[in-house]
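K.L.:
One letter stands for each residue in the lines below.
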Amino acid sequence: MATMENFKCMMCGYEYQELVEEGEDKERSCPKCRSNSIRHLKNRPSGDNTDGKSKKVKQ
Amino acid sequence: MEEVSGYIGNFTITIRKKARYVDTSVCNACAECANVCPVLKPDEYQMGLSTRKAIYIPFPQAVPCSYILNMDDCLGNNPIACGKCAEACEQDAINYDDEDELIKREVGAVIVAIGLDVYDPTEMDEYGYTRYDNVITSMEFERLICAGGPTEGHFVRPSDHERPKRIGFIQCVGSRNPEIGRPYCSNICCMNTIKDTLLLADHYPDVQCSVFYQDIRAFGKSFEDMFQRSKEAGTRYIRGLPGDIEEDPETRNLTLIAENTTTGQIERHEFDMIVLSVGVVPPKDLAKISGLLTLSKTSDGFFMESHPKLKPVDAPTRGIFFAGFCEAPKDIKDSVCQAGAASSRAGALLNKGQVQVEAITSVIDADACRKCGACAPVCPYSAIKWKKGEVAVVIEAACAGCGNCGAACNFDAITMRHFTDAQYLAQIRAILAEDPQDKVFVFACNWCSYSGGDMAGISRMTYPASNRLVRTMCSARVSEEMVLEAFRCGAPVVLVSGCHYADCHYINANRQTVKRVQRLWNKLEKAGVRPERLQLEWISAAEGQKFAKVMGQMEELRKTVTKEEIEHAMEALKPKPRKAKKEKEAAAVTG
Ligand SMILES: [Zn+2]
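Residue numbers (our numbering), protein chains in the order written: chain A, 19 to 77; chain B, 305 to 895.
Where hints are given, some of them may not hold.
[Claimed, not checked] Dumping the calculated BS3-like pairs for lysine-lysine here, alpha-carbon to alpha-carbon at most 30 Å:
(1) B/601 / A/60
(2) B/408 / B/388
(3) B/592 / B/535
(4) B/592 / A/50
(5) A/60 / B/878
(6) B/878 / B/613
(7) B/878 / A/44
To be clear, the hints were calculated from the coordinates, so they are not data collected in a lab.
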């Protein structure tokens, strides 16, 4: 299954989204500057300001 | 193959010999069993164009020439259900209770020659393969024109069993098509079609063949001659792949619509039959074999060789060799050449009787090992044996010396010969002892990035002189600790560089580099250090230009790092007390 993931180029700062296939083995490079310094940003649901780890909500 | 253990010269392989349910030593292939078998199934060998029984000989030339009972199709031995074949067999060869057999073999080398699968054109709906009876694949064509085929060589079309007079061939079905994830050329289809047109011209001179293609690749010995002969025999070659095929419901004839890219015109051609020249795909067992033998794949899904030019039949795992299609699409001649080369390579290895072990290997300190097992899964060669609760052990004959395990070990229990942690820490400190703020610190892998630097040098390319390179065998040797130490010593910028994915000298070790750099970016950010100060680049040995460009970018980046940022990182990334032992060793090396 493929999911849309967020990436950031650590060289030029460009942020973009790309479909990622499960278990894919792909060399990444920035669509803008071709740098390989591509940081995989953890997907965060909108409005969530946690670090991506689930938090228990008090009832 | 069910299981593989061991290493070069000492593999143990477990093979499952599937139950045949027929004793080959007494079966005389009289066919009495098949005559009475009531089950009819599509015959796989004839591409489903005819049927076989549940008990059958897979194909006429099969060795041994003996029947085989397919238990998935068989109605069983229950006399109420069937059991007819056993009754009919005078030789008493049929044994319904036969079982799979597991065979163990000790071998010194393994040759992987698992072949190919053929592309299934069902997904390319525009060609109507599943909608129109008279659209067939090149494999089905092969059976229809073969004397041993379902029609005994009488060439007829499926819809009405009439002999077709106008035949269209469509090339590159499932090849050179990135849209369906198959960008590679299948290598054999052009020549196969040319051969088919010559065969038709020879058997049925009144047949008109038309071939729709994007390029004809006829580059082997005598291939161009065959292509010319096909044209002289009257075959029309039309440059352009069809966009659509329509069927006349009454005549069942097919109209093909294509842009002729030579004339720029949209053309309609009517045919009695259309043959899809299907490409090849990696065999479905490839993933399983790849897991058992720790082999890796190239982006097109075939096995990756150790080196595309210098070691084209060796797998990156020592003692394993490739022959044929599983490594890349190739024709019969190339497959035979590769098979000869693979058996020679294996023969040379076995005859030598001993293997030379890599000088740079990992050694595990049994006292320091905390038995966590973090090292074993990162080894691309499966050279580390570890069981829960036990000290990990390196099989030196299998270790290629990437140093990935050393970077993964959190307890300093792994020493990589000639490239120890202590040596690296000493280098980092010595390089950054003076004016670290003016330096770009670079870890460069031996095989690609470091050589890329050499290439930039011998090509007389200019780039800023601020960089300081430390050579590692693989970029995966660079531990998180080594990068952090560089920042602690005041490095404004650290670059980790290695081979491109397809070039990794250690199968796929550099995937661990990516994971480590990702973790480091998170760590730096958490410590309030600008993560951009750590960069990652893949630079091949031929990319001197890229090396020079990257060094320029690093220098620009360095200029943006302030004194305050450097000082903050030195403080914020201070080591934890546990590292004291390594500290001592490094101090000793530095003297
Ligand atoms: Zn970029």
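K.L.:
Take the hints in turn and mark each one as holding or not.
P.N.:
Cross-check of the supplied hints:
1. The suggested pairing of residue 601 of chain B with residue 60 of chain A holds, with an alpha-carbon distance near 27 Å, which does not exceed 30 Å.
2. A C-alpha spacing of about 35 Å is found between residue 408 of chain B and residue 388 of chain B, which places the hinted pair above 30 Å, so the restraint is violated.
3. Restraint check for residue 592 of chain B and residue 535 of chain B: not satisfied, since their Cα atoms lie roughly 44 Å apart, outside the 30 Å limit.
4. Pair hint residue 592 of chain B plus residue 50 of chain A does not hold up; C-alpha atoms about 38 Å apart against a cutoff of 30 Å.
5. Proposed proximity of residue 60 of chain A and residue 878 of chain B is supported: the alpha carbons are some 27 Å apart, at most 30 Å.
6. Among the hinted pairs, residue 878 of chain B with residue 613 of chain B is inconsistent with the structure: their alpha-carbon atoms are about 46 Å apart, more than 30 Å.
7. With a CA separation close to 34 Å, the supplied pair residue 878 of chain B and residue 44 of chain A exceeds the 30 Å bound.
Going down the numbered hints, you'll see the structure goes against 2, 3, 4, 6, 7, while the others check out.
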